[in-house]
Amino acid sequence: MKRAISFLVVLTLACASVFAAGAKEEAAEQKPVTLNLMFYSPELQEQYNDMVAAYKAETGVTLDITVLQADYRSVLTSKINSGDIPDVFMTSAYADNSTYKDYAYDMSNEPFVKQLQPSALQGVTVAGKVIGYPFLVQSHSFIYNKKVFADVGITELPKTLDQLEAAAKKIEAAGIQPFATGFKEFWVLPQTAWQALAPAVVKNYGGYAKFVAGLNDGSLKFKNVSEMAQVFDLLDLIKKYGGPKPNESDFNDQTSSIATGKVAIIHQGNWAEGTIRKTNEAADIGYLVGPAGNDAAGAGIMFDSNQTIRVAKDGKNLKAALAWLNWLTTSEYGKNWIPGKIKQMSPIIGSDAPDSQIAKATAKLLGEKAPGYPWFYQMFPTGTEQQLGAVLQGYCAGQTDRAATLDAMDAAYTKIAKAAN
Amino acid sequence: MKKKTSRFLVFAAFTVPAFAAILVSVEVPFLMSVLYSFTKWNGLDRVPLFIGMANYTEIFLDDPDMMRALSFTFQQTFFRVILTNAIALLLAVLLDGEIRGKNALRAIFYIPNIISLIVIGYIWRFIFSKGFDSFYEMTKAPIFMLSWLGDGDMAFGSVLLVSVWQSIGFYLVIYIAGLQIVPRDVIEASMIDGAGPHSRFYKITLPLIMPSVTVAVFHSLSNSLKSFDVIFSLTNGGPGIATTTIALDIYKTAFVVSRFGYGTAKSVLLFLLILAFTFFQVKMFKSREIEA
Amino acid sequence: MKRHPSTLIIDVLLWIFALLYLYPLLLVVINSFKTFSEITTNVVALPKSLLMDNFRNAFRLMEYPRLFLNTLIATAIGVVGVIAVSALAGYKLSRTKTKYSWVLFIILIAPMMIPFHSFMIALVKVAKGMGLTRTPMGLGVLYWGLGAPLALFMYHGFVKSIPMELDDCALIDGASPFRAFAQVIFPLLQPVTVSVIVLNAMWMWNDFLLPLLILSGSKKAYTLQLAAYNFFGQYKIEWNYAMAGVLLTLMPAVVFYLALQQYIIKGMVSGAVKS
Numbered sequence: 166m167k168r169a170i171s172f173l174v175v176l177t178l179a180c181a182s183v184f185a186a187g188a189k190e191e192a193a194e195q196k197p198v199t200l201n202l203m204f205y206s207p208e209l210q211e212q213y214n215d216m217v218a219a220y221k222a223e224t225g226v227t228l229d230i231t232v233l234q235a236d237y238r239s240v241l242t243s244k245i246n247s248g249d250i251p252d253v254f255m256t257s258a259y260a261d262n263s264t265y266k267d268y269a270y271d272m273s274n275e276p277f278v279k280q281l282q283p284s285a286l287q288g289v290t291v292a293g294k295v296i297g298y299p300f301l302v303q304s305h306s307f308i309y310n311k312k313v314f315a316d317v318g319i320t321e322l323p324k325t326l327d328q329l330e331a332a333a334k335k336i337e338a339a340g341i342q343p344f345a346t347g348f349k350e351f352w353v354l355p356q357t358a359w360q361a362l363a364p365a366v367v368k369n370y371g372g373y374a375k376f377v378a379g380l381n382d383g384s385l386k387f388k389n390v391s392e393m394a395q396v397f398d399l400l401d402l403i404k405k406y407g408g409p410k411p412n413e414s415d416f417n418d419q420t421s422s423i424a425t426g427k428v429a430i431i432h433q434g435n436w437a438e439g440t441i442r443k444t445n446e447a448a449d450i451g452y453l454v455g456p457a458g459n460d461a462a463g464a465g466i467m468f469d470s471n472q473t474i475r476v477a478k479d480g481k482n483l484k485a486a487l488a489w490l491n492w493l494t495t496s497e498y499g500k501n502w503i504p505g506k507i508k509q510m511s512p513i514i515g516s517d518a519p520d521s522q523i524a525k526a527t528a529k530l531l532g533e534k535a536p537g538y539p540w541f542y543q544m545f546p547t548g549t550e551q552q553l554g555a556v557l558q559g560y561c562a563g564q565t566d567r568a569a570t571l572d573a574m575d576a577a578y579t580k581i582a583k584a585a586n
Numbered sequence: 505m506k507k508k509t510s511r512f513l514v515f516a517a518f519t520v521p522a523f524a525a526i527l528v529s530v531e532v533p534f535l536m537s538v539l540y541s542f543t544k545w546n547g548l549d550r551v552p553l554f555i556g557m558a559n560y561t562e563i564f565l566d567d568p569d570m571m572r573a574l575s576f577t578f579q580q581t582f583f584r585v586i587l588t589n590a591i592a593l594l595l596a597v598l599l600d601g602e603i604r605g606k607n608a609l610r611a612i613f614y615i616p617n618i619i620s621l622i623v624i625g626y627i628w629r630f631i632f633s634k635g636f637d638s639f640y641e642m643t644k645a646p647i648f649m650l651s652w653l654g655d656g657d658m659a660f661g662s663v664l665l666v667s668v669w670q671s672i673g674f675y676l677v678i679y680i681a682g683l684q685i686v687p688r689d690v691i692e693a694s695m696i697d698g699a700g701p702h703s704r705f706y707k708i709t710l711p712l713i714m715p716s717v718t719v720a721v722f723h724s725l726s727n728s729l730k731s732f733d734v735i736f737s738l739t740n741g742g743p744g745i746a747t748t749t750i751a752l753d754i755y756k757t758a759f760v761v762s763r764f765g766y767g768t769a770k771s772v773l774l775f776l777l778i779l780a781f782t783f784f785q786v787k788m789f790k791s792r793e794i795e796a
Numbered sequence: 085m086k087r088h089p090s091t092l093i094i095d096v097l098l099w100i101f102a103l104l105y106l107y108p109l110l111l112v113v114i115n116s117f118k119t120f121s122e123i124t125t126n127v128v129a130l131p132k133s134l135l136m137d138n139f140r141n142a143f144r145l146m147e148y149p150r151l152f153l154n155t156l157i158a159t160a161i162g163v164v165g166v167i168a169v170s171a172l173a174g175y176k177l178s179r180t181k182t183k184y185s186w187v188l189f190i191i192l193i194a195p196m197m198i199p200f201h202s203f204m205i206a207l208v209k210v211a212k213g214m215g216l217t218r219t220p221m222g223l224g225v226l227y228w229g230l231g232a233p234l235a236l237f238m239y240h241g242f243v244k245s246i247p248m249e250l251d252d253c254a255l256i257d258g259a260s261p262f263r264a265f266a267q268v269i270f271p272l273l274q275p276v277t278v279s280v281i282v283l284n285a286m287w288m289w290n291d292f293l294l295p296l297l298i299l300s301g302s303k304k305a306y307t308l309q310l311a312a313y314n315f316f317g318q319y320k321i322e323w324n325y326a327m328a329g330v331l332l333t334l335m336p337a338v339v340f341y342l343a344l345q346q347y348i349i350k351g352m353v354s355g356a357v358k359s
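Protein chains in written order, with the numbering used here: chain A, 166 to 586; chain B, 505 to 796; chain C, 85 to 359.
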């Protein structure tokens with residue numbers, strides 16, 4: 166037994182070294198081009214695979230996409246550090262522009278950039294340079310179940326906080342839980358909160374850039390932003406009408422509950438539609454504008470392109486990566502990929518609208534001149550989404566009162582801003 | 505003289521392989537990381553900025569969240585180490601005796617330890633929310649209507665429950681192995697002398713299995729202090745930061761907020777803390793181990 | 085030995101406890117037979133019918149056979165290496181009662197206390213430099229240093245239960261120290277060795293983060309756990325496949341554990357001492 170083990174050990178070591186050497190050689194001998202990509206959004210895995218197959222068929226180039234979610238950033242960081250940067254990778258827009266500034270290729274002069282909507286490009290343009298490719302155009306607001314609203318007898322869609330409360334009361338009286346809060350997800354809270362603040366930022370604080378700059382240099386503090394009260398009022402409302410366990414509701418709970426009509430309203434984005442339909446193909450859903458206190462005219466939806474594709478400027482296959490982006494923007498398949506297969510809105514000028522109720526609702530609301538606010542909170546330094554989300558979660562769980570919550574938000578923001586400079 | 509050299513060479517031959525492996529996989533990378541703790545770096549910029557001890561001062565003077573995380577971690581560790589080891593030891597002793605279906609039982613208690621922690625997090629999330637909803641409808645017992653994961657205080661218990669549930673199996677294996685080394689003839693002799701099961705356990709079994717106890721307590725102590733995976737998938741440190749452990753705090757600092765230098769400084773401190781705790785623990789326990 | 089009635093009570097209590105204990109896993113099993121919408125509407129209900137679809141699809145999507153082999157290679161290399169280096173070092177350090185031995189011991193078990201996230205990026209750098217990335221073999225080699233500390237600790241402690249006289253006995257026969265160890269001492273450590281095999285095989289088989297860092301970018305080299313993870317997204321968890329995938333990954337590990345369990349019991353010290 167023991168001799169066998171020692172023999173095995175030696176054999177294993179020998180094999181290991183031989184195999185390792187062999188594998189290295191094999192990798193070096195790779196013939197046609199293989200692009201290395203790193204994406205998140207694993208819910209789009211099928212669509213990624215489909216696109217990869219189509220590209221291979223048309224050009225012979227292999228796209229090797231690694232798809233992750235929760236560990237995405239740590240793996241990307243570790244790959245960049247070990248010199249293994251993917252040719253193409255995904256990030257957020259705005260603040261991530263400076264995070265990845267040493268690695269993102271400046272594509273301002275690439276021909277395909279002209280085919281992209283200017284509104285989608287604003288999040289990836291820094292000092293006139295376009296350093297990212299907007300992937301999806303998305304919106305988020307309050308999704309409501311049309312059937313529930315009809316059954317309960319709500320004919321006019323609420324636009325203000327008071328109207329939303331009235332609607333919630335009516336729904337509850339009919340025996341249905343008005344909201345699925347989604348408070349368990351750290352990202353749902355900031356999403357919900359900042360929408361309530363958006364119109365005030367434009368009106369009272371000189372616009373998004375000024376607002377964020379003020380927060381960054383410390384001249385502006387959340388506790389001095391009186392409109393934060395609207396945010397808290399909204400969160401209180403959702404919690405009050407959010408069922409017996411409001412802090413345990415996650416994305417899954419939100420989508421399955423609204424799909425089956427167990428719940429009437431959730432705060433989510435157009436990306437949630439796919440999951441909602443998987444539970445109930447026939448769900449009939451639409452958008453409510455997000456109340457900003459009792460300012461009906463200011464209530465709108467959050468509309469922007471945040472998910473961004475970046476090309477590694479020192480990548481080995483830079484030309485191939487750009488060729489792929491060009492194909493994505495100009496070819497038949499490419500133009501149809503996002504609206505047709507992914508069923509979300511595309512940043513490409515002239516692309517079709519996807520067959521999605523929420524996308525249609527987005528277009529309709531924007532057409533009616535409801536405000537479409539950019540996702541200005543992505544301009545906050547990297548990491549604030551998580552930190553501020555956690556603070557707001559604490560508020561909703563009753564751990565801090567409003568004053569303490571505001572102080573915690575300021576403390577968290579200051580720390581991150583200081584570190585980011 | 506020659507004998508001494510050859511003795512040393514033998515010693516080296518036996519210990520160098522382990523030393524080399526551990527250096528490569530852990531110690532060298534860790535030392536490399538320690539260098540980063542003296543910098544201000546987001547993990548991506550090509551050039552980190554050297555800032556000396558600034559990270560360490562910030563930890564002690566300006567990081568209340570981290571202090572909360574430490575406090576939470578210590579409290580969890582205290583209960584976790586005691587509960588896990590006590591239950592695992594008890595089960596090991598019971599399953600070493602005359603019980604029907606011993607092997608099946610051992611497997612059952614071990615299996616939670618080999619399920620991926622992400623899955624465990626999701627499953628328990630289901631159980632605490634949807635599962636408990638169903639149980640409530642069936643039994644109307646109010647305990648199922650409490651917010652096990654949504655309330656900061658209850659979440660402490662929920663996290664503890666899942667952590668202990670998941671780790672007992674690991675220590676069960678260690679204790680069962682330890683019990684095998686207790687010679688049967690010694691046990692039998694003591695039974696002839698009229699010793700009851702309790703005194704048999706405390707006077708004979710326990711001292712003889714001290715090596716397993718030392719290992720198990722050491723491992724569970726350092727594992728609890730490093731606790732990350734279960735929290736990550738079960739609550740992600742929430743609600744708010746109520747269930748954030750120090751390891752999760754470090755992870756978020758380094759990878760979410762992108763303060764890599766600062767995060768590494770925190771992990772150096774965590775390491776020193778664990779080192780201090782376990783040093784005392786091992787010293788204390790090893791003195792009770794008996795040489796055959 | 086007559087069975088005391090109280091052991092019957094303990095039996096029953098233990099079994100009840102065990103079944104409760106296993107309930108979460110039962111949920112995984114039940115849900116692996118359901119369709120996606122069945123799962124999202126009611127998690128605890130029994131499946132309407134025993135669908136094998138989830139397993140078939142998960143098996144295919146995960147590219148099970150190849151990934152099974154990858155995971156097996158990484159785990160096997162890892163376990164054998166850990167035992168080899170740890171048994172030798174643990175034994176020697178336990179028998180050598182000098183200050184230097186104690187210091188080296190501490191240095192070798194200290195890594196157990198270092199949180200993985202704090203050095204994982206540097207580890208990837210080192211691994212890349214040594215050519216250990218992108219293959220399951222390389223992953224296995226990296227596991228040696230990660231599994232050795234605990235194994236070493238266990239061997240270190242258990243060696244104490246083997247009388248020192250045995251060491252000398254073996255050497256008197258004219259054998260080299262290695263042979264003496266391998267043929268006399270090591271077999272007596274069987275319970276520990278089997279435990280080390282079980283514990284290490286299990287965590288290596290189920291490991292996620294290190295394989296993710298080392299193997300990402302070369303899908304062909306993936307382990308089972310990495311493939312199963314793909315079913316868990318932030319916006320859409322493919323519950324039906326995820327549950328099936330979890331079971332498919334878990335099954336070999338459980339079988340392995342059951343098979344090895346009995347060996348933990350067999351090795352007995354007292355017999356050897358008498359001879």
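Any given hint might turn out to be false.
What the hints assert, rightly or not - Per the computed footprint, the stretches of chain B lying under chain A, defined by three or more beta-carbons under 8 Å from a beta-carbon of chain A, are:
{"id": "1", "region": "546 to 558"}
{"id": "2", "region": "654 to 660"}
{"id": "3", "region": "761 to 769"}
As the list claims (entries may be wrong) - Result set (DMTMM-like, lysine to aspartate or glutamate): computed pairs, CA atoms no more than 20 Å apart in a straight line:
{"id": "4", "chain 1": "B", "residue 1": "Lys508", "chain 2": "C", "residue 2": "Asp251"}
{"id": "5", "chain 1": "C", "residue 1": "Lys183", "chain 2": "B", "residue 2": "Asp549"}
{"id": "6", "chain 1": "C", "residue 1": "Lys212", "chain 2": "A", "residue 2": "Asp249"}
{"id": "7", "chain 1": "C", "residue 1": "Lys303", "chain 2": "A", "residue 2": "Asp215"}
{"id": "8", "chain 1": "A", "residue 1": "Lys404", "chain 2": "B", "residue 2": "Asp637"}
{"id": "9", "chain 1": "C", "residue 1": "Lys209", "chain 2": "B", "residue 2": "Glu531"}
{"id": "10", "chain 1": "C", "residue 1": "Lys212", "chain 2": "B", "residue 2": "Glu641"}
{"id": "11", "chain 1": "C", "residue 1": "Lys244", "chain 2": "B", "residue 2": "Glu531"}
{"id": "12", "chain 1": "B", "residue 1": "Lys606", "chain 2": "C", "residue 2": "Asp251"}
{"id": "13", "chain 1": "C", "residue 1": "Lys209", "chain 2": "A", "residue 2": "Asp215"}
{"id": "14", "chain 1": "A", "residue 1": "Lys386", "chain 2": "B", "residue 2": "Asp566"}
{"id": "15", "chain 1": "C", "residue 1": "Lys304", "chain 2": "A", "residue 2": "Asp316"}
{"id": "16", "chain 1": "A", "residue 1": "Lys266", "chain 2": "B", "residue 2": "Asp637"}
Said to hold, decoys possible - A short list of chain B residues far from chain A (calculated; beta carbon distances all over 12 Å):
{"id": "17", "residue": "Leu527"}
{"id": "18", "residue": "Leu574"}
{"id": "19", "residue": "Ile612"}
{"id": "20", "residue": "Met649"}
{"id": "21", "residue": "Asp697"}
Don't read these hints as lab results, they were simulated from the structure. Even for Gly, the Cβ is constructed at its ideal location relative to N, Cα and C.
Hints, one by one, checked against the model:
Counting residues of the region 546 to 558 of chain B whose beta-carbon sits less than 8 Å from any beta-carbon of chain A gives 5, enough to reach three: the coverage restraint holds. Figure legend: the region 654 to 660 of chain B, annotated as covered by chain A; annotation consistent (3 residues with Cβ-Cβ distances under 8 Å, at least 3 required). Under the rule that three or more residues need a Cβ within less than 8 Å of chain A, the assignment of the region 761 to 769 of chain B holds, with 5 such residues. Of the supplied pair hints, the one linking Lys508 (chain B) and Asp251 (chain C) holds, its CA atoms being roughly 18 Å apart against a limit of 20 Å.
Taking the CA atoms of Lys183 (chain C) and Asp549 (chain B), the gap is near 44 Å; set against the 20 Å cutoff, the hint is violated. The hinted pair formed by Lys212 (chain C) and Asp249 (chain A) meets the criterion: a straight-line CA distance of about 9 Å does not exceed 20 Å. Taking the CA atoms of Lys303 (chain C) and Asp215 (chain A), the gap is near 17 Å; set against the 20 Å cutoff, the hint holds. Taking the CA atoms of Lys404 (chain A) and Asp637 (chain B), the gap is about 18 Å. The hint holds against a cut of 20 Å.
Taken as a hint, the Lys209 (chain C) and Glu531 (chain B) pair is honoured in the structure, with Cα atoms around 13 Å apart against an allowance of 20 Å. About 55 Å separates the Cα atoms of Lys212 (chain C) and Glu641 (chain B), which puts this hinted pair outside 20 Å; it is violated. Between Lys244 (chain C) and Glu531 (chain B) the CA atoms are separated by roughly 27 Å; this puts the pair beyond 20 Å, and the hint is violated. Note on Lys606 (chain B) and Asp251 (chain C): the hinted pairing is violated, with a Cα-Cα distance of about 35 Å set against a maximum of 20 Å.
Taking the CA atoms of Lys209 (chain C) and Asp215 (chain A), the gap is about 33 Å. The hint is violated against a cut of 20 Å. A threshold of 20 Å between alpha carbons decides the hint, and for Lys386 (chain A) with Asp566 (chain B) the separation of about 18 Å falls inside it, so the pair holds. For the suggested pair Lys304 (chain C) and Asp316 (chain A), the alpha carbons sit about 53 Å apart, so the restraint of at most 20 Å is broken. For the hint linking Lys266 (chain A) to Asp637 (chain B), the alpha-carbon distance of about 48 Å lies beyond 20 Å, and the restraint is violated.
With 12 Å as the threshold on Cβ separation, the claim that Leu527 (chain B) sits away from chain A holds: the shortest Cβ distance comes to roughly 17 Å. Consistency note on Leu574 (chain B): stated as away from chain A, and its beta-carbon is indeed over 12 Å from all of that chain's, at 17 Å minimum. At the 12 Å boundary, the C-beta of Ile612 (chain B) stays outside the reach of chain A, the nearest C-beta of that chain being 28 Å off. Non-interface call for Met649 (chain B) relative to chain A: violated, since the shortest CB-CB distance, roughly 6 Å, does not exceed 12 Å.
Under the 12 Å C-beta cut-off, the non-interface status given to Asp697 (chain B) relative to chain A holds; the minimum distance is some 37 Å.
Going through the hint list in order, the structure does not satisfy hints 5, 10, 11, 12, 13, 15, 16 and 20.
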